[in-house]
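Please model the entire structure based on the sequences and the hints provided.
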Amino acid sequence: MKIFIKSTSAITPQETFNKDAYLKEWVSHEGAYLKAVQPKYRDILDPKLARRMSKIIKMGVAAAKSALIEANVEIPEAIIVGTGLGCIDDTQKFLKNIVDSDEGVLSPTAFIQSTHNTIAGQIALTLKCPNYNFTYTNRGHSFENALMDACMHINEGKNHVLLGASEEATDTSFEFMYKMGCVGDLTKADGPTFGEGASFFVLSNSTADKKPFIKDVQLSNNVSQEEQAEELQQFLSRNSLGVEDIDVLLTGRIDHTDKPHFYDKIEEAFQNTPKVAFKKVSGEHFTASGYAVHLAAMMLERQDYFNKNIISGNLEKPLKHVLIYNNYKGINHSLMLLSI
Amino acid sequence: MSKRVFVSGYGIVSALGKNADENLFSLQKQQSGISKPSHLTTRYKEMMVGEVKYTNEALTELTGGKGILSRTALLGFMAAQEAINHAALSNEQLKNAALLNGTSVGGMDVTERAYSDALKEIPIDYQKKFNGHDCGHSTQVIANKIGLKGYLGTISTACSSSANTLMHGARLIKSGTTDCVIAGGTDALSIFTLNGFNALKILDSEWCKPFDQNRKGLNLGEGAAFLVLESEESIQKRGGRPLAELAGYGNANDAYHQTASSPEGNGAYKAIEEAFRVAGLRPETIDYINAHGTGTANNDQSESLAISKTFGTGVPPYSSTKAFTGHTLGAAGAIEAVFSVMALEHQSLWPSLNITEPMDLIGAPVSDVKKAEIKHVLSNSFGFGGNCSSLIFSGV
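From first to last, the protein sequence lines stand for chains D and F. As numbered in the numbering used here, the first sequence has no gaps in its residue numbers, which increase by one up to the final residue, 340. As numbered in the numbering used here, the second sequence has no gaps in its residue numbers, which increase by one up to the final residue, 396.
The set of hints was computed from the structure by calculation and includes no laboratory data. Please note that a few of the clues may not be correct.
[Said to hold, decoys possible] Simulated crosslink set (BS3-like; lysine-lysine; CA at most 25 Å straight-line):
1) F:K375 with F:K3
2) D:K215 with F:K149
3) F:K201 with D:K96
[What the hints assert, rightly or not] A few chain F positions that, by computed beta-carbon distances, are all more than 10 Å from chain D:
4) G17
5) N214
6) Q236
7) P358
8) G363
9) V369
Note that the Cβ used here is the ideal one computed from N, Cα and C, for glycine as well.
Spelled out as structure tokens, the structure:
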């Protein structure tokens, strides 16, 4: 499989949206979780529309538009978005209104914008794009569901598919995730750090310039670490690659992760391979793997690792194959291979 | 893309009943399942809803779904189990089958109660109460209970969610990714959606009357339906029985407004057109349309115009079954897909209920259950975010 990434754009808790400054200066965070560096939206969104948009929509639409501009594509043939929690800020607002008013007279605005497909819908509305428009919300495979669908569209003959993921963190969602034991408080270093962001891609079946491409994706659920290690071997062999062919491993490992043994097992196979901890940039969230694909594409295209804070081991150039391994709570596992 | 995709089983739970037989019986008897709420705790005690007539405890007992907190997951598990039994899939086939679930609000039924407690500072177990909030949770629960190991997908495109799982399932089979998919959706009633639609002023507090001149809005409903989709080879190899073919599907975006449909039904028209293209059929071959027909002024007007543009003067018999079940949001597409397959199996047109003065754009909808020769059925599902989907089911 060769699904070309014609362009990509990401908003994360580090400077990634402005590609000239891509991960150059390390942004330090003081709060309990990582907040995305918000771009100057007025440069890319209609301020009238942006005012009504929640953070998840703004990040999604801005990253989507930026990727489309870079690829010089006006109307994609499909818009496919993954989000784990969706528009959690508006959901929480509307719920609070219901509770506070005891089901009284309510404004529908928050409800209208709480729907998971508001991101993809607003992108379509902004572009006036009448084409295929899907939203996946599948825990740790929300982005992966969207990616699989996007690849299928390219294989079916579509030329330009807009793929992306968007996730927002709010004080309330952090508080709940923290009390649920899903994430830690950055100031206490007592669990994986919560983050947010959006990553978008224009995928294509061909490209004039040398561009990174998605070569293979393998997803599994509810497997043991031995089974996952077996999946890895099968994955590499079906792509006629050995461990030594992987130039860098992008791992979803994050400090204080609750299922480190899965990462131990996979990383064990790549002892001499340099590793990049992409969640140092994105933080932990349902669609952090979307950022991993973005970073892999950036690394392959620029032949760079951008910042020493994210890498361990010595990276030898040229970079040809980048493997991503991520798992959500040891349940949803993803292997994604990008090459150039 | 030449592979054909067949429906080899289905399961359904709605206000009409807890299984396919009970749903069929109510359709044939023209008995609506819509009533005042008896399980949903809400201030709107007089608001008509299409409620599944069992408590969570009773549903747990019926399904054996011990430990499932969310009604959304319980209903989904119930329908998926029935679908698998109906198709007579073996454990071996189940292992590799994909599960695609469509839901609009997932575990909101549990979240909204727990969130209210949290705001009132009543101590709660956060992990237990909020773990099922996200849409993917119900998919995971259904897969675990059934013992599925294959691909899992969750789609949340509001009211077209489960129509879209069927479309995605068909494409997964055609692409050769898998040869068996359990696709459908589930949504439980919640005060979140009830208050949301109420705030939008598109609920009818009385029985809804889709395609009536004096329609006032929709009735919310709840339920779940799953269909087993299989490739021709898979059915043949295991000696399964095809019930219908999922011949066509299309999804398009209205790109007009976050919640309202364009007055001309542009997105709907494009979705229908795409479904015909995929099926390789012409509009005149359609014998029955199971319309989205929510009963809101906006939807029924816009959908009628899209139908009119597609079929011209030859609009086939059409109806909305939402006056039976209520609008079951994320589950609606799959529930109506089951009704479409039932129309093919029983050569019956299902009626629109509660019509006193039909809209005059495309003639009156079917008003009584009627026997008819039905080879191809078009089923529409439209949602917020301009999401428009159409499916075509053909007899076998």
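Hint check results:
Of the pairs offered as hints, the one joining K375 of chain F and K3 of chain F holds, with about 20 Å between alpha carbons and a cut-off of 25 Å not exceeded. Simply put, K215 of chain D and K149 of chain F have alpha-carbon atoms about 24 Å apart, close enough for the 25 Å limit, and the pair holds. Between K201 of chain F and K96 of chain D the CA atoms are separated by roughly 19 Å; this keeps the pair inside 25 Å, and the hint holds. For G17 of chain F, the shortest C-beta to C-beta distance to chain D comes to about 29 Å, beyond the 10 Å cut-off, and the non-interface label holds.
Look at N214 of chain F: its CB is around 23 Å from the nearest CB on chain D, clear of 10 Å, so calling it non-interface holds up. Taking the minimum C-beta to C-beta distance to chain D, about 24 Å, the non-interface status of Q236 of chain F holds against the 10 Å cut. Chain D leaves P358 of chain F outside its interface by the beta-carbon criterion, the shortest separation being 29 Å against a cut-off of 10 Å. With a least beta-carbon separation of about 28 Å from chain D, G363 of chain F lies farther than 10 Å from that chain, consistent with its non-interface assignment.
The beta carbon of V369 of chain F is kept farther than 10 Å from every beta carbon of chain D, the shortest such distance being approximately 34 Å.
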